[in-house]
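**Q** Now for the letters of each chain:
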Amino acid sequence: MIKRDLGELELYTLLAIQHLGGQALGVEIRDEIQRRTGRRVSVGSGYATLGRLGDKGLVRFTVLPSEPRRGGRARRSAQLTPAGVRAIRESAASLRRMLGNLAADTLP
Amino acid sequence: MSESARVPRWAEWLLQIAAPAADADAIADELADELSREIEHRGERAARVWLAREVLRSLPPILTRRVVIVLRYPRRRGAMPNRFETVRSDLSYAMRQLRRSPGFTMTVLLAFALGIGANATMFGIVDELLLRPPAHVRVPGEIVTLVAGTAADGFGQRTSNYPVFAAIRDRGAGFSQIAAVASLSVPFGRGDHAANLDGLLVSASYFPLLGVTPARGRFFGENEDVAPIGDPVAVISHAFWQRQFSGSPDAIGATLQLGDRQFRVIGIAPPDFTGLDYAAPDLWLPLSSGGAMQWLGKQWTTQSIVTWLRIYARLKPGVPLKEAAADAMRIARDAAPDAFFTQPGWTFRAQPIMTARGEEQGASTTVATLLAAMSLVVLLIACANVANLLLARGIRRRREIAVRLALGVTRGRLVAQLLTESMLLATLGGAVAIIITHWGGVLARRLLLDDLGLTASVLDLRVLSFTAAVALLVGAFTGLIPALQASRAEVFSTIKAGGDRGGTRRSRAQSALLAIQAALSFVLLLGAGLFGRSLIAINGLRMGVDVDRVLVGSMNLRSIGRPASVADAVFARALEQVAASPGVASAAVATTVPFGPSYGTEAGVMGRDSVRHYTTMYNVVTPDYFKTLGASLLRGRDFSDIDRERTTRVIMVNEILARRAWGHENPIGRCVRIGSDSLPCATVIGVVENVRRQSIFEDSSNFVYLPLAQARDWNTARLIVVRAMADPERLAETVRHAMQTAAPELPFADVHLVKNQPVVRHETLPFRLGAIMLGAFGALALLLAAVGVYGVISYDVGQRTREIGVRMALGARAANVASLVMGEGLRMVAVGGVIGGGVALASGGAIRPLLYATSPRDPVVLVVVAVVLLVVTTLACLVPAQRAMHVDINAAIREE
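Protein chains in written order, with my numbering: chain W, 1 to 108; chain Y, 1 to 896.
Hints are computed from structural coordinates only; laboratory data are not their basis. Each hint should be verified, as a subset may be incorrect.
To give a feel for the contact side, a few chain Y residues facing chain W, derived at Cβ under 10 Å [unchecked claim]:
id, residue
1, I17
2, A18
3, A19
4, D29
5, E34
6, V49
7, R53
8, R57
9, P61
10, Y73
11, M725
12, E729
13, E733
Quick list of simulated restraints, FRET-style, between CB atoms [to be verified]:
id, chain 1, residue 1, chain 2, residue 2, range
14, Y, M95, W, E8, 16 to 26 Å
15, Y, L321, W, Q34, 52 to 62 Å
16, Y, P214, W, R86, 48 to 58 Å
In this text, a Cβ means the ideal position worked out from N, Cα and C, and glycines have one as well.
Using the sequences and the accompanying hints, generate a full structural model.
**A** Printed below as a string of structure tokens:
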């Protein structure tokens, strides 16, 4: 099942997690998006986007054990679910179909 | 990664509030991580700035997320804000507390409900009159009305005429749209089923100017409003559509017999559309189509002397009001040089409609504003009252509070908890207030704004929001002082003191609050008394007409196309029928009546060798006119049947003209030339007392009276005046029927008491209202103050049971105890009364313009109010005093 209402930032987030090996921290995801698109995502919207993906069942969260040092904190990492992987695949397919034979150099 | 930096407290706090509890920490951690990174990259200061911006950028998505979670997954843990949990527990605690003392709860609820209800009611009225823009009007702030006048006299001339309107419309540069409006009473149907409708003649540009769209059908086009005679089409109001056509769609295209023409209904206005006035007319007709109904006749497009049209216009963006108005006056002067309002020195003022609307209601607006202020006083009293009760309660709960403090509850939490209690009370009070507002609003409208014929619901979103806001404010306001005071409790001494009644006496704050209540009540009662006295003074005015005895009947024959010559025959027959009706003491025909229109002329009084001219008003009347009004004949005789067309020309004059023209000499038999010196001489046959013309307060103007038989052509207007023997209200229908059946196919005959003439209603309204409403508020205030006194004194008695017991054991008699208790209450109220009296005396000047023939320092009113206050206080103290007198000495002493 694919959610039709997958927003751009949500798709980027899923792709970033995929690039980072299927599991990543919020800060890593935002860094990855910035590295690839130049777009700076705020902590707040990163959080909200992950929350929405969680609601849709495309990612799930695991709490990593706290760092073994003073003041170390437990961290929450996001992990793609099988539905999340499917969502990436179908979105990519849609995008390819939409682009069709519009080669990169013929695009306006 | 190095040890991460800490996110500043303010950011943490913001996140705590904004984000669900479960996520707030994670977000803060993530921010902290990035902050350390930023510090490494850019240095401490830049990183802090970065953080602030990052937090602010993050709040909107976080809050949005929060809302989504609350709406979609309300049960998720932490979905509700963290603080809601405490609020919920505070609320249920407060509920339990209130349920435990129902007497207290009910008293406070009542006080809040009355206070808030009175305010919401008055807000509704003031909002209606002054604040709320008219419905369906696009950008009402741009619309102005042109009023003429001089800066010195104020701008009182609100009407203009067609040549001026047309010229400004065609040449005015300052306005993008302009419309002309005249209201008129439209005769509808004939004979016994005849009625008068409220009509508005409007230029075709009227509806486009307002930007309104019809509910059904369409509005007029320019091609239907063509001078001098436009198409017979009508737009009807939603209410008239419901009433006349039961809301049937067939109304469009139906015809209505209006005046002497058949009008076709082409459109229906939206339900709550009232134009620029407060109430909708029954129908709108094209300005040019009402031609036959206008008393101006065929010259309505060209005559520039009479004023009858109001001009509304929309300002072009960027054009200053003054410039547009000055431009309009230049054009008006050009178009109507002979009109009085274009005379040198006069200018137009472009008055925004929002202020114009309020101003036109004049006295009603002033009184409504005054009453709104007074309702605020009632609210203050209610607040003082509740604060007092809460204080007393706080003192009673000292021990409980001390224990909770000792157990580690922070003072902040304690204050929050006590505040929750007062907020809860205020909210419940506000809910009850809504009911009061509904009924109060209906009543206040009937009293205050009856003439406006408002139809919209009393309770709308604005009134409800106001009620809610006031309730919350009042809750916070009344709760704060008692809560702060209670939380200051001395933990150890209170617990050690043992009992709940550890000898604490009434606090100074309580006494002060009681005195304030008494002071405010005093002011309100004084206001009511002063208005009441003004009203008595007005009722005692000698106006030359018994306003509540005399009926006026009018019938617009011209509107149905009957020539003036026919009118006299119809009115003669009507007079005959009316005079023969049971219950009629006397009746007469006249061209005008007190508080009706005025007609002026000139009187030339022949001196020994010169003619002195007096500007004078005139009226054309049949015999018995003065007897019917109730005006006394001072000298000479009244007109009678011997004064006919061909007999000696006779006139009567009023006292003021008689004195001005002849001083102490006898005016009877003198010669006066009315209108022009070339006319034959008329002989003065009688002098009557001054009869009011335009205002119940005026000094009368010069007046001459001509007999109808000799002056039929002077003026074609005809009215019937009737003096009732008894029950004038019931006689109105009899008179109407008699007039209506004087000839077949007559239009509606309007019959009403002089008392109900708009002018009289308008002028007496402020006093009636002031007396009634302030009286009601004063009674309310008195009730609240009495409850306050009762509450505090009986609490006091409870506190001092032991002391009283001891006193009685030592030989004090019941009377001593009673005076001890009552003295307390009376002292506080007396202090308050003196303060209130002082305030009232000092600020009396503010109310003076609203009073009539009454000093704001009227000693009788002052004394009566003081006595009322003392009597009520005594009554309120009586019950606790009785309880004190019957204290069981043994039980009281043994207690502890």
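**Q** Is the hinted range of 16 to 26 Å satisfied by the C-beta distance from M95(Y) to E8(W)?
**A** violated, 49 Å
**Q** Interface hint check: A18(Y), Cβ to nearest Cβ on chain W, cutoff 10 Å. Holds or violated?
**A** holds, 9 Å
**Q** Taking the least C-beta to C-beta distance, is I17(Y) closer than 10 Å to chain W?
**A** violated, 13 Å
**Q** Is the interface hint for P61(Y) satisfied, with its Cβ closer than 10 Å to some Cβ of chain W?
**A** With a closest approach of 4 Å, the P61(Y) hint holds.
**Q** Minimum Cβ distance from V49(Y) to chain W below 10 Å?
**A** Cβ of V49(Y) sits 15 Å from chain W, so the hint is violated.
**Q** With chain W as the partner, please determine if E729(Y) meets the hint condition of a C-beta pair closer than 10 Å.
**A** violated, 70 Å
**Q** If you take the shortest Cβ to Cβ gap from A19(Y) to chain W, is it below 10 Å?
**A** With a closest approach of 8 Å, the A19(Y) hint holds.
**Q** Using Cβ atoms only, decide whether R57(Y) comes closer than 10 Å to chain W, and label the hint accordingly.
**A** Holds - the Cβ of R57(Y) comes within 10 Å of chain W, reaching about 4 Å at its closest.
**Q** Hint check: is the beta carbon of E733(Y) less than 10 Å from a beta carbon of chain W?
**A** It is violated, given that the least Cβ distance between E733(Y) and chain W is near 71 Å, above 10 Å.
**Q** Is the interface hint satisfied for Y73(Y)? The criterion is a beta-carbon contact with chain W at less than 10 Å.
**A** Hint holds; Y73(Y) Cβ to chain W Cβ min 8 Å, cut 10 Å.
**Q** Do the Cβ positions of L321(Y) and Q34(W) conform to the proposed distance bound of 52 to 62 Å?
**A** The hinted range 52 to 62 Å holds for L321(Y) and Q34(W), with Cβ atoms some 55 Å apart.
**Q** The hint names D29(Y) as touching chain W; please verify it with the least Cβ-Cβ distance against 10 Å.
**A** For D29(Y), the interface hint holds, since the closest Cβ of chain W sits about 5 Å away, which is under 10 Å.
Figure legend: structure checked against the earlier numbered hints; hints not met, in rising order: 1, 6, 11, 12, 13, 14.
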